[in-house]
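**Student:** Construct the entire structure; sequences and hints are all you get.
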Amino acid sequence: MSTASSRPVIVCTGISKQYEIGELRARYRTLRESLTSGTRTSLRRAKERITRAEREKVDNTIWALRDVTFDVNKGDVVGIVGRNGGGKSTLLKVLSRITDPTEGRAVVRGRVGSLLEVGTGFHPELTGRENVFLNGAVLGMRKSEIERVFDEIVDFAEVSAFIDTPVKHYSSGMYLRLAFAVAAFLNPEILLVDEVLAVGDAAFQAKCLGRMSEVAASGRTVLFVSHDMGAVNRITQRCVFLDHGRLIEYGPTDRVVAQYLDSVTGEAQLKQADQAWAVRLESIELLREDGVGGNSLPFAAPVAIRTRWHCQKDVGAVSFLMRIQASDGAIVGTSASVDQDLVLSPAEGDRFELLWSSDGLPLVPGTYRVSLVAKGRLWHNLASYERVMTVDVTNINAPQRYRKRRTNDGNVLLTGSWRQSDGSSAP
Amino acid sequence: MTPFWKSRKAAKAAAADAVAAAALRLDADDADVRAVAPPEPVEIVIQPAKGWVPLRLGELWEYRELVYFLTWRDVKVRYKQTVFGASWAIMQPFFTMVVFSIFFGRLGKMSQGLRLPYPLVSYAALVPWTLFATGITQASNSLVASQQLVKKVYFPRLAIPLGTVMAGLVDFVLAFAVLVVMQVFYYTRGQANLPTIHVIWLPLFVVLAFLTAVGVGLWLAALNVEYRDVRYTVPFLVQLWLFATPIIYTSNKVPEGPWQLVWALNPMVGVVNGFRWALLGGPDFPHPGPVTSVSVFACLAILVGGLFYFRRLERRFADLV
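Taken in order, these protein sequences are the chains called A and B.
Its first residue numbered 1, the first sequence is counted upward by one per residue in our numbering.
Its first residue numbered 1001, the second sequence is counted upward by one per residue in our numbering.
Hints may be right or wrong, so weigh each one.
What the hints assert, rightly or not - In silico DSS-like pairs for lysine-lysine, Cα to Cα no more than 27 Å straight-line:
{"no.": "1", "chain 1": "B", "residue 1": "Lys1253", "chain 2": "B", "residue 2": "Lys1109"}
{"no.": "2", "chain 1": "B", "residue 1": "Lys1151", "chain 2": "A", "residue 2": "Lys168"}
{"no.": "3", "chain 1": "A", "residue 1": "Lys143", "chain 2": "B", "residue 2": "Lys1080"}
{"no.": "4", "chain 1": "A", "residue 1": "Lys143", "chain 2": "B", "residue 2": "Lys1076"}
{"no.": "5", "chain 1": "B", "residue 1": "Lys1076", "chain 2": "B", "residue 2": "Lys1151"}
Worth flagging that the hints you see were computed from the coordinates, not collected in a lab.
**Tutor:** Shown next, in the form of structure tokens:
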């Protein structure tokens, strides 16, 4: 048994999925098209036909997944990140057996529940109660199983007063809550979740994420697709980064998410300098008080960022924004030169240097990214360098509790003072 | 006046309690499940399937509850927001019978040579025919209509057309009840017999009609995913098939001999002849003989072929639908 449980529960070996673009675009063809294309090709000489077919194959197909290989161990919570069209959803579809891979092989050990959409199979004419059973059955629950958790589903969804009303009369919020509630009580060993949490209001999303964390904490294996790097960071330990169907990286979440964010715009942009910005950033460096180079920074240490710019066009007035983002993509804060009345008017061809400095940023240890934007007189972008530099805030000098890896503290250590006050209600 | 933070604190505490309580319930639930059902080691291998694939009917059996729920959904939804509701199930074959009796029975002289009343004869054929015709019509569109399911959840796709045809069985039972009433009515007027012992064969013919509908439905459903022409072809097909089946007329209108057997390759011929023999009997409807065997054989051929064809196309459904 121990050998069985130590084996990975998901083994993907060279998974590839090819779509004909025709399939994606036209979706289905008519019989006439099939017949005519059939006769047309049969009239050609065989050799010609082969080359033509090959050429068409090259032209009209895309690989939604290409040679994706990775293992997932039991109890792992794995995020899948990547741009749209990266192959994330296709990967989940292959693993949940909705569509076959074109090549490769995957072995999945355990009962799989996939949640690619909430409310699949909901029928508007049926009542909430009926839909719970139908949806549960569709998601692979047994009737007895649904009966056992039925009351809890209704409680979780907060729709008990309307449970015998057809769901077509539900508000969209109620509909979503009920749909998610059924899914939340799905009890598989392996759970595949697509971007279903991106629906509903903030409270609902928080509730869904909470439930996801619980599922993750209960030792089940979860694969989780999301664009919300915050959610990925909170829930997952490891991440798969897919781009154009290929697996770019698979490893600890912090590292993979950082790499993904870098690739989205990233440090490479500065070197490429492909944008014909009116004001071009030529270099950026982080300066520490102790003169040590590199991108790491002790907690709350004085810091400066030096940038060198080249004005390529006569632009009139220029001011600058420096923005800091956390590793999950959340913006921590922005510093605008215009707030300190620093507005430059460089002439075309001018080079100049800017220094931004701080006596100490209250950033919680972690990885941050710096973006720089040059704004014109009408607050339009003269240049925008997203996440152009990484800063690693280390836990040197940080409060003891930051030595532990994960905290729930957000990104900024708040200022303010604590004291014990005398009265009971005075602020 | 309470300070602003106090009320919030109270609300927050209440919310936290609720969350904690929910978490406890969830944990308790998880523990429950593990106690009840120890996880059996399931290993699923996912790889490209080439050509013909095994039917995996065992898996369909594991999903029998889903088939049941899909059937039940179709039954529930079919006559929602209609004035006449489930009586449509009776009205369709009944009024068809009325129309047939007027146009074919009276004007077309189809009742000539029949000892039994034409309405009873045609209705006895229309009852299984309606099961078949609605079955294939609904089944052919079932996958396309359930594309949300097909694209987002895994389960044996056979469950969808199967559930659709099974939903027709409810209509069938209602229409059949009317048939019983009609036969009793004509019996009291001395125009018809009560069923003989042959009636025990009736379930066979119901199953035959059902399986034929499933078989044809599978072909059409799978074809319809790739070729939407099917949608326009089905009503036409049903119409032609109606004329190729002894519903308006009786099978003694077809010349005796080998042609009867070729004709019985249409399984609905076997169904209708069998139905009339088992229920009505008498000199009008003698034992159908080898016709039944031929129809059973044809039905199984369509069904097995349909199953394999369906399974072969199944893996492309999610990409195509």
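**Student:** Now look at each hint and say whether the structure bears it out.
**Tutor:** Here is how each hint holds up against the structure:
no., hint, result
1, Lys1253(B) <-> Lys1109(B), "holds (12 Å)"
2, Lys1151(B) <-> Lys168(A), "holds (22 Å)"
3, Lys143(A) <-> Lys1080(B), "holds (24 Å)"
4, Lys143(A) <-> Lys1076(B), "holds (18 Å)"
5, Lys1076(B) <-> Lys1151(B), "holds (23 Å)"
Violated hints for the displayed structure: none, as all numbered hints are satisfied.
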